[in-house]
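Visitor: Here is how the chains run, residue by residue.
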Amino acid sequence: MKFLFDIMDKHIAPLFEKGGKFERLYPLFEAGDTFARTPGDVTPSAPHVRDSIDQKRLMIFVIYALLPCILFGIWNAGNQFNINNNVENATLMTDLLRGSTMVLPIIMVSYMVGGIWEVLFALVRRHEINEGFLVTAMLFPLVLPPTLPLWQVAVGISFGIVIGKEIFGGVGYNILNPALTARAFLFFAYPAQISGDAVWVGTAKTAFDNNPIFGTVAENVDGVTMATPLAVAAAVEKGGDAVHALAEQGFTLLNMTVGNIPGCIGSTSVIAILLGMGFLMLTGIASWRVMVSGIIGCAAMGALFNVLPLDNAFADLPFVYHLVMGGFLFGIVFMATDPVSCAATNTGKIIYGFLIGALTVLIRVAKPAYPEGAMLAILFMNVMAPLIDHFVVQAHIKKRTAYARALNNA
Amino acid sequence: MKEEYRKHYRVQTGANLQPLFEQAIEDSPARIISGNVLCGDQVESNSCARYYGSEFFVLEEDRSRHLMGWTMPGLFQYSSHRVNLSSLMSFSHEWKLGTSMHGSHRAMVVTGWMDKYQPLNIMTDYLVRAALAHDTEEMIQLGILETDPEDFALAAFVDPHKTDVCGIMKKGLLEIEEEGI
Numbered sequence: 005m006k007f008l009f010d011i012m013d014k015h016i017a018p019l020f021e022k023g024g025k026f027e028r029l030y031p032l033f034e035a036g037d038t039f040a041r042t043p044g045d046v047t048p049s050a051p052h053v054r055d056s057i058d059q060k061r062l063m064i065f066v067i068y069a070l071l072p073c074i075l076f077g078i079w080n081a082g083n084q085f086n087i088n089n090n091v092e093n094a095t096l097m098t099d100l101l102r103g104s105t106m107v108l109p110i111i112m113v114s115y116m117v118g119g120i121w122e123v124l125f126a127l128v129r130r131h132e133i134n135e136g137f138l139v140t141a142m143l144f145p146l147v148l149p150p151t152l153p154l155w156q157v158a159v160g161i162s163f164g165i166v167i168g169k170e171i172f173g174g175v176g177y178n179i180l181n182p183a184l185t186a187r188a189f190l191f192f193a194y195p196a197q198i199s200g201d202a203v204w205v206g207t208a209k210t211a212f213d214n215n216p217i218f219g220t221v222a223e224n225v226d227g228v229t230m231a232t233p234l235a236v237a238a239a240v241e242k243g244g245d246a247v248h249a250l251a252e253q254g255f256t257l258l259n260m261t262v263g264n265i266p267g268c269i270g271s272t273s274v275i276a277i278l279l280g281m282g283f284l285m286l287t288g289i290a291s292w293r294v295m296v297s298g299i300i301g302c303a304a305m306g307a308l309f310n311v312l313p314l315d316n317a318f319a320d321l322p323f324v325y326h327l328v329m330g331g332f333l334f335g336i337v338f339m340a341t342d343p344v345s346c347a348a349t350n351t352g353k354i355i356y357g358f359l360i361g362a363l364t365v366l367i368r369v370a371k372p373a374y375p376e377g378a379m380l381a382i383l384f385m386n387v388m389a390p391l392i393d394h395f396v397v398q399a400h401i402k403k404r405t406a407y408a409r410a411l412n413n414a
Numbered sequence: 654m655k656e657e658y659r660k661h662y663r664v665q666t667g668a669n670l671q672p673l674f675e676q677a678i679e680d681s682p683a684r685i686i687s688g689n690v691l692c693g694d695q696v697e698s699n700s701c702a703r704y705y706g707s708e709f710f711v712l713e714e715d716r717s718r719h720l721m722g723w724t725m726p727g728l729f730q731y732s733s734h735r736v737n738l739s740s741l742m743s744f745s746h747e748w749k750l751g752t753s754m755h756g757s758h759r760a761m762v763v764t765g766w767m768d769k770y771q772p773l774n775i776m777t778d779y780l781v782r783a784a785l786a787h788d789t790e791e792m793i794q795l796g797i798l799e800t801d802p803e804d805f806a807l808a809a810f811v812d813p814h815k816t817d818v819c820g821i822m823k824k825g826l827l828e829i830e831e832e833g834i
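One line per chain: the protein sequences are A and B, in this order. Mind the numbering: the first sequence is residues 5 to 414 in our numbering, read in order. Mind the numbering: the second sequence is residues 654 to 834 in our numbering, read in order.
Keep in mind that a hint or two might mislead.
Chain A side only, calculated, beta carbon under 10 Å to chain B, not exhaustive [as the list claims (entries may be wrong)]:
#1 P216
#2 C346
#3 T349
Quick look at which bits of chain A chain B covers, simulated, 3 or more residues with Cβ under 8 Å [what the hints assert, rightly or not]:
#4 47-55
#5 164-177
Hints were generated in silico from the structure; no laboratory data involved. Just so it is clear, CB atoms sit at the ideal spot from N, CA and C, and this is done for glycine as well.
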């Protein structure tokens, strides 16, 4: 290993440094070099010692927190396929294999296309390749249905990275969460492939899908229509009982918590998300203020609708359902806590999280045409976050001046 | 630095300290700091005892590079955040700190971490941004005049983006002085 690193330091590094042949490609070299080993820089000035954390470690820990969701998502995509296509002799293994063939290509396309944009912008702008993209390109596939065409994944992540992030100046400067920007773009540009009832469960379309390794597909079906819990609840007519309607379709609190239901790849399982949330809280990487106040906000708004005498079946749905249905929990744990687009002050984070939770329920109940209220709520609050911060900072300044005045008068 | 040389010395102001450093410092490249590790100045080994400097720190100039530092358990590296296995160790554990940056400079992403290590009633994130934006008015409103660059040393220590917070604050204060506000 040391031998390889010596070659790298002596012969390869000078090519990329200032005056070298490939000077323009330095960000690419730097990314690879610091991926292999931490940089050997020393502190230029006081403080002379630094903490051993860096942004690479920070971002990779978010990926670790996502692992339960990724693994469960792969299994669930395969499991839903096998159940709904009447696959014989389906086992845990075939579920995982089948799920991998559906989910892994989406993740790979997201990383490859997103990576190309990130590197391109880093080279043109001559700044380092930022690790934030690793998280964006992983979050995006997890909020997509497993049947999304790969070209749409590519178009979506391109929009998210370029319009959502790079035109503002890159990671650290963006206003909106890039992964959600990408999803919102697909949601409004190609609604047929990302919403509705026919996109959540895959069907065997090619000879590859009928490969017996994955289990035998008894009969090829054209398409499987499976509504998500949100769509079922939104479709209940006035005076109906939403809990009953959900139970009729097989959605109980238990299986919505476990997550073996049709839905976006990574956001169906409450248990997997809670594991990730626990990890994020334990390591202190994501803000607990956003997560906790978001969950409280969602529950409070749900409870308020329960109490209000509205003639709306969705509004009468017990508030616990709002917490486990759809992408809310995934959104509040992984999307809303994106440190760049969320509020920057501690008080601001509490307000920001609470409003995301409350708005999610409001959008779900008041505008059933957009069942995925969490996405729109988070994007809206991303835009509002600087305003919240402005008021918090002004309040802080006011308090400081009042204190200074009191000191002067004393 | 050799163990037996860690003690008090009685020296005359202006005395050359080179003989002492030569004996005390082991072979590895070392950095001599006049003053505190958090806010002192780096000095040469042939420097003299200053009137205003009563302590010296010697740190290892740590240019070592660790294999895949972004994912290793980090048992032997100190971190104030709970991202290393070392954070499970007891508070009294002694750490060897060098001058390594442990990472490269990045845009500011995480917010609120620096405030945890800011003893004054100051919003560090916003003050740093105001200073970077040369917004002297906002800097003053946020309380930069009550501070000294070294008040931000702990914030700079814990910052995962390796921002030069103390340097930025120093520049901000100089700017205010130049404008004569």
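Visitor: Would you check chain B against the stretch 47-55 of chain A, counting CB to CB pairs closer than 8 Å, and say if three or more residues qualify?
Guide: Answer holds; 9 residues pass the 8 Å Cβ test.
Visitor: Once the shortest beta carbon distance from P216(A) to chain B is found, is it less than 10 Å?
Guide: violated (38 Å)
Visitor: Is the hint on C346(A) kept, meaning its closest Cβ partner in chain B is under 10 Å away?
Guide: holds (8 Å)
Visitor: So, T349(A) near chain B? Judge it on the closest CB pair being under 10 Å.
Guide: Hint holds; T349(A) Cβ to chain B Cβ min 7 Å, cut 10 Å.
Visitor: Quick check: do three or more residues in the stretch 164-177 of chain A have a beta carbon closer than 8 Å to a beta carbon of chain B?
Guide: holds (count 4)
In terms of the numbered hints stated before, the structure departs from hint 1 and from no other.
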